[in-house]
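> Residues per chain, in single letters:
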Amino acid sequence: MSTYRPLDYMMLDDQFSEDERMVRDAVRQWVTERYLPLAMEHFEAGTFPMEFVPEIAELGMFGPTTPTEYGGAGLNNVAYGLICQELERGDSGLRSFVSVQGSLVMYPIYAYGSEEQRRKWLPLLASGKAIGCFGLTEPDFGSNPGGMLTTAKKVGNEWVINGRKMWITNGTVSDVAVVWARTEQGVRGFLVEKDRPGFSAPEQKHKFSLRASVTSELVLEDVKVPDANRLPKGEGLKAPLGCLTQARYGIAWGGVGAALACFDEALNYAKQRIVFDKPLAGFQIPQKKFADMATQITLAQLLALRLGRLKDEGKFTPAQVSLAKRNNVAIALDVARTCRDLLGANGISLEYQVGRHMCNLESVITYEGTHDIHTLAIGQEVTGLAAFR
Amino acid sequence: MNIVACVKRVPVTEATPKIAADGKSVDASGVEYMLSFYDDLAIEEAIRTKEKLGGEVTVLTLGPSEASKELRDALAKGADKAVILKDANFGARDARATAKALAKKLQELNARVVFMGRVATDRDNAAVGAYVATLLGWSCVTDVVKLELAADTGKACRETEDGVETVEFSLPAVITCDKGLNEPRYSNLKGIMAAKKKSVDEVAFEDVANQQAVAKLEPPPARKEGRVVGQGAAAVPALIDALRNEAKVL
Ligand SMILES: Cc1cc2nc3c(=O)[nH]c(=O)nc-3n(C[C@H](O)[C@H](O)[C@H](O)COP(=O)(O)OP(=O)(O)OC[C@H]3O[C@@H](n4cnc5c(N)ncnc54)[C@H](O)[C@@H]3O)c2cc1C
Ligand SMILES: Cc1cc2nc3c(=O)[nH]c(=O)nc-3n(C[C@H](O)[C@H](O)[C@H](O)COP(=O)(O)OP(=O)(O)OC[C@H]3O[C@@H](n4cnc5c(N)ncnc54)[C@H](O)[C@@H]3O)c2cc1C
Numbered sequence: 000m001s002t003y004r005p006l007d008y009m010m011l012d013d014q015f016s017e018d019e020r021m022v023r024d025a026v027r028q029w030v031t032e033r034y035l036p037l038a039m040e041h042f043e044a045g046t047f048p049m050e051f052v053p054e055i056a057e058l059g060m061f062g063p064t065t066p067t068e069y070g071g072a073g074l075n076n077v078a079y080g081l082i083c084q085e086l087e088r089g090d091s092g093l094r095s096f097v098s099v100q101g102s103l104v105m106y107p108i109y110a111y112g113s114e115e116q117r118r119k120w121l122p123l124l125a126s127g128k129a130i131g132c133f134g135l136t137e138p139d140f141g142s143n144p145g146g147m148l149t150t151a152k153k154v155g156n157e158w159v160i161n162g163r164k165m166w167i168t169n170g171t172v173s174d175v176a177v178v179w180a181r182t183e184q185g186v187r188g189f190l191v192e193k194d195r196p197g198f199s200a201p202e203q204k205h206k207f208s209l210r211a212s213v214t215s216e217l218v219l220e221d222v223k224v225p226d227a228n229r230l231p232k233g234e235g236l237k238a239p240l241g242c243l244t245q246a247r248y249g250i251a252w253g254g255v256g257a258a259l260a261c262f263d264e265a266l267n268y269a270k271q272r273i274v275f276d277k278p279l280a281g282f283q284i285p286q287k288k289f290a291d292m293a294t295q296i297t298l299a300q301l302l303a304l305r306l307g308r309l310k311d312e313g314k315f316t317p318a319q320v321s322l323a324k325r326n327n328v329a330i331a332l333d334v335a336r337t338c339r340d341l342l343g344a345n346g347i348s349l350e351y352q353v354g355r356h357m358c359n360l361e362s363v364i365t366y367e368g369t370h371d372i373h374t375l376a377i378g379q380e381v382t383g384l385a386a387f388r
Numbered sequence: 000m001n002i003v004a005c006v007k008r009v010p011v012t013e014a015t016p017k018i019a020a021d022g023k024s025v026d027a028s029g030v031e032y033m034l035s036f037y038d039d040l041a042i043e044e045a046i047r048t049k050e051k052l053g054g055e056v057t058v059l060t061l062g063p064s065e066a067s068k069e070l071r072d073a074l075a076k077g078a079d080k081a082v083i084l085k086d087a088n089f090g091a092r093d094a095r096a097t098a099k100a101l102a103k104k105l106q107e108l109n110a111r112v113v114f115m116g117r118v119a120t121d122r123d124n125a126a127v128g129a130y131v132a133t134l135l136g137w138s139c140v141t142d143v144v145k146l147e148l149a150a151d152t153g154k155a156c157r158e159t160e161d162g163v164e165t166v167e168f169s170l171p172a173v174i175t176c177d178k179g180l181n182e183p184r185y186s187n188l189k190g191i192m193a194a195k196k197k198s199v200d201e202v203a204f205e206d207v208a209n210q211q212a213v214a215k216l217e218p219p220p221a222r223k224e225g226r227v228v229g230q231g232a233a234a235v236p237a238l239i240d241a242l243r244n245e246a247k248v249l
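From first to last, the protein sequence lines stand for chains X and H.
Just so you know, we're using numbering that gives the first Met the number 0 here: the first sequence kicks off at 0 and counts up by one.
Just so you know, we're using numbering that gives the first Met the number 0 here: the second sequence kicks off at 0 and counts up by one.
None of these hints come from the bench; they were simulated from the model.
Far from chain X, by Cβ distances over 12 Å, these chain H residues were calculated:
| id | residue |
| --- | --- |
| 1 | Lys49 |
| 2 | Ala87 |
| 3 | Ala91 |
| 4 | Lys103 |
| 5 | Glu107 |
| 6 | Leu134 |
| 7 | Thr152 |
| 8 | Thr159 |
| 9 | Glu160 |
| 10 | Asp177 |
| 11 | Pro220 |
| 12 | Val227 |
| 13 | Gly231 |
Here are a few chain H residues that sit away from chain X, every Cβ distance over 12 Å (derived from the structure):
| id | residue |
| --- | --- |
| 14 | Pro16 |
| 15 | Ser28 |
| 16 | Glu50 |
| 17 | Trp137 |
| 18 | Cys139 |
| 19 | Val144 |
| 20 | Glu158 |
| 21 | Val163 |
| 22 | Glu164 |
| 23 | Pro171 |
| 24 | Gly229 |
| 25 | Leu238 |
Subject to a maximum C-alpha distance of 25 Å in a straight line, what follows is the list of computed BS3-like cross-link-like pairs (lysine-lysine):
| id | chain 1 | residue 1 | chain 2 | residue 2 |
| --- | --- | --- | --- | --- |
| 26 | H | Lys189 | H | Lys51 |
| 27 | X | Lys119 | H | Lys189 |
| 28 | X | Lys270 | H | Lys17 |
| 29 | H | Lys196 | H | Lys68 |
| 30 | X | Lys128 | H | Lys189 |
From a predicted model like this one, the values you see are computed outputs, not experimental measurements.
C-beta atoms are modelled at their ideal positions from N, C-alpha and C, and glycine is treated no differently.
Using the sequences and the accompanying hints, generate a full structural model.
Below, the structure is given as structure tokens:
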């Protein structure tokens with residue numbers, strides 16, 4: 000494999016601080032040296048490389064924006080975005096693992112949890128000694144989680160939870176699940192440890208996308224948890240949606256990473272591949288593709304960067320995240336498909352990255368709010384009229 | 000214990016150097032840089048030594064201000080401070096000039112053990128480590144693949160073509176690190192944040208007169224074009240003949 004030289008058409012490197020660049024470069028190096036050599040194998044086998052969990056933790060990639068007193072690295076949001084970008088350059092499954100742990104498990108515990116919950120779980124999760132998952136989606140309710148059927152009933156000082164969650168990243172390998180359930184007071188979040196009687200998390204098999212990531216069903220049959228396991232500060236559907244805003248922010252950067260990986264691979268390929276006696280890159284049709292992709296990627300980079308700076312200034316809105324997630328994942332999928340084509344038959348081989356990214360991005364464009372749900376969110380922001388129902 | 004890793008910023012290994020118009024220097028435009036491969040081992044060993052024996056790690060380079068990028072990485076990994084002996088022309092310094100400048104600074108730093116790479120991957124001299132030790136009158140152990148250090152003494156394995164040699168020595172010492180000594184760590188994110196508070200000092204480098212001057216640089220002769228002698232098993236006799244009589248390697 001030739002040295003990875005990600006596109007930086009508009010010299011955005013200058014826009015990052017020295018420590019932001021160092022964070023990015025450290026993660027990039029780790030992905031290149033440690034993850035990529037095994038990426039194909041795990042994708043093919045349909046497994047997540049659990050052996051990397053201690054290394055990911057040692058690097059500090061689980062919940063890196065969490066304050067240091069809870070085991071985080073205290074990074075800013077741009078640096079976190081760059082981490083997501085570099086991880087997704089490796090594989091969307093790798094970025095998903097880290098997004099779920101950080102944005103969907105550590106974030107709600109930090110934002111909505113009690114001090115005891117924070118002290119107990121955050122250091123365990125940051126150090127990778129515990130893995131978590133986020134259970135919101137159900138078989139019949141994905142885009143409209145407000146319709147969820149999972150319930151939690153208060154009996155004495157305990158909660159009894161019943162229901163089913165579907166498509167839950169890391170479910171089977173988790174020590175703790177953040178489960179969202181309907182109560183008499185509205186939607187609430189609960190920390191459900193894996194060994195609670197009545198809880199099981201069978202793996203969902205036969206995926207053609209995000210294969211190097213574990214996806215699971217969560218089955219909850221009369222699962223009892225103490226009131227101390229309820230997230231006390233998260234009230235209503237806006238609590239899980241607040242987590243999704245965090246995760247989607249990372250995905251907006253992740254999309255850039257996947258697109259950069261495909262672009263770099265296809266560009267190298269096209270410069271070396273001789274068709275009709277000259278390099279493929281020297282023909283007009285490929286050049287139009289590269290010009291279009293370079294433009295799309297550059298715009299996506301600018302969006303991610305601006306969004307990150309807004310987030311660090313405490314000014315960003317969920318509607319802005321919708322725009323960036325929707326655009327950046329869509330262009331990434333488009334870039335991956337175009338690059339796949341540029342590689343000809345080699346493009347369908349897992350020996351190259353493009354096909355793997357292309358398949359993965361079909362999940363990324365669906366989860367964390369489908370492309371069209373974000374279309375409706377942007378539409379609502381712009382027109383002031385909701386068109387969801 | 001004052002531990003110092005002496006490191007050098009060199010062009011990336013895959014770069015093909017272009018000779019500048021003056022015919023005696025390397026054209027620096029568009030060249031990317033990295034820390035010399037073996038110097039990463041030196042930094043890692045310095046940090047491990049601190050973790051085991053306590054003390055403070057300084058990374059020291061003779062080079063341009065831009066080397067602060069590589070030094071910051073070392074600080075993120077666990078070094079405590081960094082010093083640049085600022086020299087925009089560092090690529091042209093000979094081993095003697097480099098060693099004199101480093102030795103002087105090492106004395107100021109009150110160094111007790113100094114790690115260097117076995118060789119810098121740009122000029123392949125492998126001279127500076129031994130030179131520094133000689134100037135300081137210290138022990139020098141080169142090409143080390145295994146090391147045990149105590150407060151005043153050390154034991155090191157060096158790999159030679161004929162086998163492994165184990166040597167014992169006393170401190171202070173200069174140790175040059177070879178592949179296999181350790182597996183350098185990645186800088187972690189907390190370390191990167193912590194490095195923001197550490198200092199990279201720049202000190203002017205005093206020019207040493209009477210050093211070697213490069214008179215001329217020439218690229219290696221172009222390789223002769225290859226020749227296909229035939230295909231499949233039938234080509235073996237022709238291949239052996241060519242290797243024996245043309246290339247004269249058999
Ligand atoms: C690999 C993977 C991992 C996942 N991990 C997690 C996880 O960890 N935790 C979790 O809770 N969930 C997870 N999900 C679930 C994911 O968030 C949902 O799949 C997603 O929200 C879409 O829901 P759905 O699949 O039910 O599709 P549906 O909601 O049924 O949508 C189907 C189609 O209808 C469209 N649509 C829906 N409503 C409207 C409307 N009002 N107007 C117009 N079009 C509409 C959608 O855009 C989509 O095209 C994961 C999914 C995948 C694929
Ligand atoms: C699953 C599979 C089964 C196959 N089965 C068979 C089989 O049974 N028998 C057989 O003979 N072959 C088979 N093939 C090979 C297939 O026909 C070739 O892959 C196809 O012709 C493309 O050739 P290539 O892969 O070398 O790509 P290339 O020719 O290298 O093309 C790569 C890219 O460059 C573009 N390109 C090429 N030339 C130009 C140009 N002049 N201007 C602009 N763009 C250009 C292409 O459109 C493509 O996007 C199979 C391929 C696959 C994937």
